[in-house]
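Asks: Each residue of the sequence shown is one higher than the one before, starting from 4 at the first, in this note's numbering.
Calculated from the structure, these hints are not laboratory results.
One should not assume that every hint holds.
[As the list claims (entries may be wrong)] Pairs of lysine-lysine, DSBU-like flavour, derived with a Cα cap of 30 Å:
hint, residue 1, residue 2
1, 41, 56
2, 56, 43
3, 34, 56
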Amino acid sequence: MSIELVHIGFNNMLAMNRVIAIASPNSAPTKRTVQEAKTKALLVDMTNGRRTKAVIIADSGHIILAALAPETIAGRLQTGQPKLGEEE
Numbered sequence: 004m005s006i007e008l009v010h011i012g013f014n015n016m017l018a019m020n021r022v023i024a025i026a027s028p029n030s031a032p033t034k035r036t037v038q039e040a041k042t043k044a045l046l047v048d049m050t051n052g053r054r055t056k057a058v059i060i061a062d063s064g065h066i067i068l069a070a071l072a073p074e075t076i077a078g079r080l081q082t083g084q085p086k087l088g089e090e091e
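Kindly generate the complete structure, drawing on both the sequences and the hints.
Replies: Structure below.
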């Protein structure tokens, strides 16, 4: 099983084979999920202080906040951009 890492901004990488969903942070259920993850110490903030544009749910129960839009993250996965360790 290979690990597919995708750049999600500010030199942060995400293992896409562990991702269950990528959601917009605007809905009430998503906001509730983020708050619950914060209280359970399962929240990983990768926004570097920027506005959260995507909430990523991992299979481990961790919730990751990203400053890139969900469409951008999905597009980077689909375009086959060079992954970590590959030649450009």
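Asks: Holds or violated: residue 34 and residue 56, Cα atoms, limit 30 Å.
Replies: Holds, at roughly 12 Å.
Asks: Hint check: residue 41 vs residue 56, CA-CA at most 30 Å. Holds or violated?
Replies: Between residue 41 and residue 56 the Cα gap is close to 17 Å, so the pair holds against 30 Å.
Asks: Within 30 Å, alpha carbon to alpha carbon, are residue 56 and residue 43?
Replies: 22 Å, holds
Of the numbered hints stated above, none is contradicted by the structure.
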